[in-house]
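There are 4 protein chains.
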Amino acid sequence: MKTLTTHFIDVRERTVLLCQNLQIEDYTPQSALFSSPPKWHIAHVTWFFEEMILKKHVPNYEVFDSNFGFLFNSYYNSIGERIERHNRGLLTRPKIENVYEFRAFVDKAMVDLLESNPNEDVDKLTILGINHEQQHQELLLTDIKYTLSKNPLYPKLFESNFVTHHNKQQGWLTVDEGIYQIGHQNESFSFDNELGAHRVFLEPFQISKNLVTCGEFIEFINDNGYTKPEYWLDEGWFWINDNNITQPLYWKHQDGTWFQYTLSGLEPIDEKSILTHISFYEASAFALWKGLRLPTEFEWEVASKDLEWGTHWEWTNSAYLPYPRFKTAEGAVGEYNGKFMINQMVLRGASHATAPGHSRHTYRNFFHPQYQWQFSGIRLAK
Amino acid sequence: MKTLTTHFIDVRERTVLLCQNLQIEDYTPQSALFSSPPKWHIAHVTWFFEEMILKKHVPNYEVFDSNFGFLFNSYYNSIGERIERHNRGLLTRPKIENVYEFRAFVDKAMVDLLESNPNEDVDKLTILGINHEQQHQELLLTDIKYTLSKNPLYPKLFESNFVTHHNKQQGWLTVDEGIYQIGHQNESFSFDNELGAHRVFLEPFQISKNLVTCGEFIEFINDNGYTKPEYWLDEGWFWINDNNITQPLYWKHQDGTWFQYTLSGLEPIDEKSILTHISFYEASAFALWKGLRLPTEFEWEVASKDLEWGTHWEWTNSAYLPYPRFKTAEGAVGEYNGKFMINQMVLRGASHATAPGHSRHTYRNFFHPQYQWQFSGIRLAK
Amino acid sequence: MKTLTTHFIDVRERTVLLCQNLQIEDYTPQSALFSSPPKWHIAHVTWFFEEMILKKHVPNYEVFDSNFGFLFNSYYNSIGERIERHNRGLLTRPKIENVYEFRAFVDKAMVDLLESNPNEDVDKLTILGINHEQQHQELLLTDIKYTLSKNPLYPKLFESNFVTHHNKQQGWLTVDEGIYQIGHQNESFSFDNELGAHRVFLEPFQISKNLVTCGEFIEFINDNGYTKPEYWLDEGWFWINDNNITQPLYWKHQDGTWFQYTLSGLEPIDEKSILTHISFYEASAFALWKGLRLPTEFEWEVASKDLEWGTHWEWTNSAYLPYPRFKTAEGAVGEYNGKFMINQMVLRGASHATAPGHSRHTYRNFFHPQYQWQFSGIRLAK
Amino acid sequence: MKTLTTHFIDVRERTVLLCQNLQIEDYTPQSALFSSPPKWHIAHVTWFFEEMILKKHVPNYEVFDSNFGFLFNSYYNSIGERIERHNRGLLTRPKIENVYEFRAFVDKAMVDLLESNPNEDVDKLTILGINHEQQHQELLLTDIKYTLSKNPLYPKLFESNFVTHHNKQQGWLTVDEGIYQIGHQNESFSFDNELGAHRVFLEPFQISKNLVTCGEFIEFINDNGYTKPEYWLDEGWFWINDNNITQPLYWKHQDGTWFQYTLSGLEPIDEKSILTHISFYEASAFALWKGLRLPTEFEWEVASKDLEWGTHWEWTNSAYLPYPRFKTAEGAVGEYNGKFMINQMVLRGASHATAPGHSRHTYRNFFHPQYQWQFSGIRLAK
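Heads up: the protein sequence lines correspond to chains P, S, U and H, in order.
The opening residue of the first sequence carries number 71 in our numbering; numbering runs sequentially from there.
The opening residue of the second sequence carries number 71 in our numbering; numbering runs sequentially from there.
The opening residue of the third sequence carries number 71 in our numbering; numbering runs sequentially from there.
The opening residue of the fourth sequence carries number 71 in our numbering; numbering runs sequentially from there.
FYI, nobody ran anything at the bench for these hints, they're computed from the structure.
Where a beta carbon is used, it is the ideal one built from N, C-alpha and C, also for glycine.
Incorrect hints may appear among the rest.
Stated by the list, open to error - Calculated from the model, a selection of chain H residues having no Cβ within reach of chain U, i.e. all distances over 12 Å:
hint, residue
1, His-127
2, Asn-201
3, Leu-319
4, Gly-335
What the hints assert, rightly or not - As a list, the in silico DSS-like pairs of lysine-lysine whose alpha-carbon atoms are at most 30 Å apart:
hint, chain 1, residue 1, chain 2, residue 2
5, S, Lys-298, P, Lys-397
6, H, Lys-126, U, Lys-298
7, S, Lys-342, S, Lys-360
8, P, Lys-279, P, Lys-298
9, U, Lys-397, H, Lys-452
10, H, Lys-322, P, Lys-165
11, H, Lys-125, U, Lys-298
12, U, Lys-452, H, Lys-194
13, P, Lys-298, S, Lys-194
14, U, Lys-220, P, Lys-298
15, H, Lys-194, H, Lys-126
16, H, Lys-165, P, Lys-226
17, S, Lys-194, P, Lys-360
18, H, Lys-397, U, Lys-452
19, P, Lys-125, P, Lys-72
20, S, Lys-298, H, Lys-220
21, U, Lys-220, S, Lys-165
22, P, Lys-298, S, Lys-397
23, H, Lys-298, U, Lys-194
24, H, Lys-397, U, Lys-279
25, P, Lys-397, S, Lys-375
26, H, Lys-226, P, Lys-165
27, P, Lys-279, S, Lys-397
28, U, Lys-125, H, Lys-298
29, S, Lys-125, U, Lys-220
30, H, Lys-279, H, Lys-452
31, S, Lys-397, P, Lys-375
32, H, Lys-298, S, Lys-322
33, U, Lys-279, U, Lys-342
34, H, Lys-165, P, Lys-220
35, S, Lys-452, S, Lys-298
Only chain P is shown next, with the shape it has when bound in the complex (with noise of 0.2 Å):
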């Protein structure tokens, strides 16, 4: 089995084998407010472990460089001042170099620091550090394909396109009433919102093998689904018509074809293979317009056993809420997830973009209705 510091090199690794391709001038911009440059990615997750772990305990650790900690800090209020988010892509400085510097300092310090007997609040820590990393891993992709779709160069990262993806299943799973078990049982490492695992009664209900592919999402096009305000969620349809959304995010129709952008550059799409990039106003609104609905996330947790799932995070219709005795963690690390319990939707599952291992079927991800460039897809039940 993997030592902590094995899997903590790995995954460190991992980041940076994902950035081979970006030039140092895709490091720095930033796309969206709700995006961050690869550069603040890679600082900021190196930060957590300097911030979390080496300052409390290597004694007297000495940090890399002091405005660093000012610099990279994402969301924690509790520790000190931090750079306005919508500034974040005007850090052109520190170099990329230097960042990389500071990767490699921070990387010595914690396989020494794991090497050496540490306690076991530092190897909690340390197991956190690298689930957060992993999740940077997928936003870092994510976020640097938004950046280069705003390209009219659509330029290419990487050879595989990251998007074509077939089911391999199809027809319907029922699932039978009853009490079922929920969240994680804490066996592992999980984050806080899977804990407090419960009982939840579901009443009966069927859940789609497949996933809708991007042919069936054509139809709904086709319908004029996109002018029909019957199928939308109030704010959905002041959302597509404030924005002048008619597909999904990176598709363009070109004389009479359909294309995406994808991190391999444009591609025509393969009507078989998966829809992705999808906002939840969107899956909802597909779901209505072919009758049915999108399952909820314990009917998900419950059927996921038995379905193929990992290519796409899939939308559901639950919102982003504490498990019963949910309970936020003191101090900085409390601020990981009970803080955005808000007007978010919970997805389950994972994407081909998220890191290997790093989800299971009690995992929360959750994102605001509107949002498209995760590689969000939709699976329906009834």
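We have chain P; now place chains S, U and H onto it with these hints.
For chains S, U and H alone, coordinates are given in the frame of chain P:
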């Protein structure tokens, strides 16, 4: 037992009674996007009867004024164009006396229809229209209060202030774990969002027998609750800072004393009275400061039979989402509830401004988490 | 010759006359940040007499209502707090009948003062107050027109439409180069922005004897003038695109015919009538499309003695800036004009809605370049 | 005398020299709607030569990259689509080294063209392109300064700080009344906005021989100048309050000392040095506080031959408007100046960041009154 006709007349007359102290000048202006002018409310509830019932069920019915359909439609996208919501306050014409003529005209036609042996569909729609009007009666009060509150003269509309209420019970109610029945059994009228009676498993919990008082909330203020991020949902923290929120709506601190604007003018706050005009964000922060939490709507529904309730709407920590088997009705009536099931939190109970007999223990009210202008309060759980 | 008292009474009565067809409902709402409700106008001009004259020159004067100073101050920063401009439409109280009582109260006190042998300072301030009220008379009309125009019922306020005017002269007037005297000689009343009579050298120019007609502007529209960037100032181009401006304010195209909303309802456009409700941006684009230009305010002032003018305010290509030796008066009266001398363009002449005798050939009116709601028109030069 | 080719090469090399200390990371991000990234500046000025000259005058010219026309067009509406202004900072590709290759490619083609006996049209457009590039050289400096100023690290780009300058003259210059010649006589290059030489009559005036110093402005601050509405234009008053402006851009007050961010880092302010980074609103308020005024651009032009100028752009109280007989050129070049003649104020002179030889006493610079990020200063008149 009251006939439907009598019930119809009673509710219609109550609307007029609520407006008895309004000056002509009060009827037209709109003070916020979320509030509507009295003239609009009393015309809109009348339009509902004409549009949904009379036009369909009275042969050769001639509308009072063909423009009113356009002017007083609210959000029914399926019934053609409507005036933009933010322009409702610019309708200086029709004059208020014409709107009252419109009411009388529709009342007469409705009574004629109800007395002439109508069908079940008319009965059902009439009952829906009555409940719809009762909802607008409460909004009429909260909306005109918001408008008058912007006036430095602190206008007085009623002798009684609508605000001062006291808890009669104290302490905690304990509820055992178990499967509970939730939702309306369809034995009498309910809104569609209560239907889909279903079972919910509840972990054991305790719920307070009393609502939070003004005095308790002053302690929160005095402990600098509004300036400590650790108590606030992240979006709540931005909301209070962007809008300089430092106290409940309508509160003013003058010479060391807390006052609040009420419908009977500016009055000193009775610290033992029940707190109201509180947003979900404030309710949530207060609960966290107390080391407690808000109940879910399911906990509330189960416990409510043993609780005193009805003076203030009670924020729950449940998002407004569909029950299992929820179905949107066909046509315009189907726009009533379902399309608002996003980004809103459920309130349960009723307030002193709710029409008598209108609410019930399965009733689901809902507002966005930042809204304070309803008669909302806080009940804690653990 | 009229005494000052008579003149005062005449102007005060004219305000009331202009309001004769207003319904109580019309007095309160505010339709835009740039417009004010009738109630506010008629109270504010009255407040001016009380604040600037009666409180200073009548021993032991007691104000009608101490709240009115706060409610009806407009922009005089030096006289304490005032209600925020965008909330003027929420003052449902005081009722309009109380505002008329306020007018009567102040009228009586003013007449008493004027008849009791006052000093020169009172005379000067009274004349200023009269001119101030005349300015608000015109704004009252343009503001209520803007409010009523938002009403799909096209309310009718007067029998005469205030819009249809025809040119009596045609052709070009030639003016020689030379040094000309500009500004008011102080022989009678003027606003401070006209003072500082000074010399200006003008290059030779020609100015049109007539204003642009609706028919000429329809040619511009038909030539796709609103979609060709080459005619537009850059900020004008953004303005028409951001606001979907494709025609003058109040114009509507129905079944191939152009109509315009007027104070006597929606009426077909007489192509030979003079164009009005035009922004500076539109005036500028039209002139460039014609291969011509707008005159400067100095050219206009010099030429005006030989021109027919007075039915429409005429946009000039002069920015509103101080004349040489311009001095701001001491105290609140000094806030009258000087502080608005930025980002506005000068209009010269008068309109059919200007109080008789109010304007003169040195008069400088001014508005931001995007505003259309005044009775503004176009005169060309070359 | 320098040949045009030599002059072209010198100016092109100066741009590269100005960028010598930029890191690759600095080239891409955009810090405000009004500022552009260095990469964009250096590509855009190059595009100008390709688009306006090479494509028209070199037979069979093949563009360096057909996408660059779209990416680096600035505001020329007549030349097809362009990337939205606020997205300039998202162009991580092309890489900066490709942009330098683009420069080299165009430089070579231009030198070939210039050396091959071109026509007068090429010469004129080349001179225009050179002047255009010089303008962008100054913007490049002010824009990168604005971006770097957002970085809490206070990055240092140059050894010299670009800020500290002192007045060499003191006292007042008196100018007699009279008719003066204004504008460019067309004897050498000028922009079209300087043309239309014409006569202006000036009343007698006095103008200061020195610019306002930092120390004088600190007196204004200490006298609470930023909190007294009587000194401010109304829109300036809203601007400082809405944006919490309490000092010039880049100033910081720390431990009782004033510092300012400069291109050589954060430095203490020399009170005797000339004030800069001041908006027109601040300049206007300061002048009123002093009981003085800003000169008009005509007064400045007449007086300038007897004044020391060139270290800071000087705000005048003249709006940016066309001179008599101003004509917009045909085609894209015609979009250079005329369409910006609204809502901007004229600055005269030059700054220490202006390319040597670029400005002259008829030169008209212009910015909106709220902008502070140019090297702007204050000269008073009376």
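Cross-check of the supplied hints:
Against the 12 Å criterion, His-127 (chain H) stays outside the reach of chain U, whose nearest CB is about 23 Å from its own CB. At roughly 20 Å from the closest C-beta of chain U, the C-beta of Asn-201 (chain H) stays outside 12 Å, upholding its exclusion from the interface. At roughly 19 Å from the closest C-beta of chain U, the C-beta of Leu-319 (chain H) stays outside 12 Å, upholding its exclusion from the interface. Once the 12 Å rule is applied to beta carbons, Gly-335 (chain H) is consistent with being away from chain U; the minimum gap is 35 Å.
Restraint check for Lys-298 (chain S) and Lys-397 (chain P): satisfied, since their Cα atoms lie roughly 18 Å apart, inside the 30 Å limit. Distance hint between Lys-126 (chain H) and Lys-298 (chain U) is fulfilled; the C-alpha atoms sit about 24 Å from each other, no more than 30 Å. The suggested pairing of Lys-342 (chain S) with Lys-360 (chain S) holds, with an alpha-carbon distance near 18 Å, which does not exceed 30 Å. In summary, the hint linking Lys-279 (chain P) to Lys-298 (chain P) is supported, as the alpha carbons are separated by about 28 Å, within the 30 Å threshold.
Of the supplied pair hints, the one linking Lys-397 (chain U) and Lys-452 (chain H) holds, its CA atoms being roughly 11 Å apart against a limit of 30 Å. Distance restraint check for Lys-322 (chain H) and Lys-165 (chain P): the Cα-Cα separation of roughly 25 Å lies within the 30 Å cut-off, and the hinted pair is therefore satisfied. For the suggested pair Lys-125 (chain H) and Lys-298 (chain U), the alpha carbons sit about 25 Å apart, so the restraint of at most 30 Å is met. Distance check on the hinted pair: Lys-452 (chain U) and Lys-194 (chain H) sit about 28 Å apart at the alpha-carbon level, within 30 Å; holds.
Our distance criterion of 30 Å between C-alpha atoms is met by Lys-298 (chain P) and Lys-194 (chain S), whose separation comes to about 28 Å. A distance of roughly 27 Å separates the Cα atoms of Lys-220 (chain U) and Lys-298 (chain P); the hinted pair therefore holds under the 30 Å criterion. Distance hint between Lys-194 (chain H) and Lys-126 (chain H) is fulfilled; the C-alpha atoms sit about 14 Å from each other, no more than 30 Å. Between Lys-165 (chain H) and Lys-226 (chain P) the CA atoms are separated by roughly 13 Å; this keeps the pair inside 30 Å, and the hint holds.
Annotation: proposed proximity of Lys-194 (chain S) to Lys-360 (chain P) holds, straight-line Cα distance about 29 Å (limit 30 Å). Restraint check: the Cα-Cα separation between Lys-397 (chain H) and Lys-452 (chain U) comes to about 11 Å, which is no more than 30 Å; the hinted pair holds. Between Lys-125 (chain P) and Lys-72 (chain P), the direct Cα distance comes to roughly 26 Å. Compliance with the 30 Å bound is thereby established for this hinted pair. Between Lys-298 (chain S) and Lys-220 (chain H), the direct Cα distance comes to roughly 27 Å. Compliance with the 30 Å bound is thereby established for this hinted pair.
At most 30 Å may separate the alpha-carbon atoms for a hinted pair to count; Lys-220 (chain U) and Lys-165 (chain S) meet this at roughly 15 Å. For the hint pairing Lys-298 (chain P) with Lys-397 (chain S), the CA-to-CA distance comes to about 18 Å; that is within 30 Å, so the pair holds. For the hint linking Lys-298 (chain H) to Lys-194 (chain U), the alpha-carbon distance of about 28 Å falls within 30 Å, and the restraint holds. Between Lys-397 (chain H) and Lys-279 (chain U) the CA atoms are separated by roughly 23 Å; this keeps the pair inside 30 Å, and the hint holds.
The hinted pair formed by Lys-397 (chain P) and Lys-375 (chain S) meets the criterion: a straight-line CA distance of about 28 Å does not exceed 30 Å. Among the hinted pairs, Lys-226 (chain H) with Lys-165 (chain P) is consistent with the structure: their alpha-carbon atoms are about 13 Å apart, no more than 30 Å. Annotation: proposed proximity of Lys-279 (chain P) to Lys-397 (chain S) holds, straight-line Cα distance about 23 Å (limit 30 Å). Distance hint between Lys-125 (chain U) and Lys-298 (chain H) is fulfilled; the C-alpha atoms sit about 25 Å from each other, no more than 30 Å.
With a CA separation close to 27 Å, the supplied pair Lys-125 (chain S) and Lys-220 (chain U) stays within the 30 Å bound. In summary, the hint linking Lys-279 (chain H) to Lys-452 (chain H) is supported, as the alpha carbons are separated by about 12 Å, within the 30 Å threshold. Our distance criterion of 30 Å between C-alpha atoms is met by Lys-397 (chain S) and Lys-375 (chain P), whose separation comes to about 28 Å. Only pairs whose Cα atoms come within 30 Å are accepted, and Lys-298 (chain H) paired with Lys-322 (chain S) is accepted, the gap being roughly 27 Å.
At roughly 15 Å between alpha-carbon atoms, Lys-279 (chain U) and Lys-342 (chain U) fall within 30 Å of each other, so this suggested pair holds. For the hint pairing Lys-165 (chain H) with Lys-220 (chain P), the CA-to-CA distance comes to about 15 Å; that is within 30 Å, so the pair holds. Note on Lys-452 (chain S) and Lys-298 (chain S): the hinted pairing holds, with a Cα-Cα distance of about 22 Å set against a maximum of 30 Å.
Going down the numbered hints, you'll see the structure goes against none, and every one checks out.
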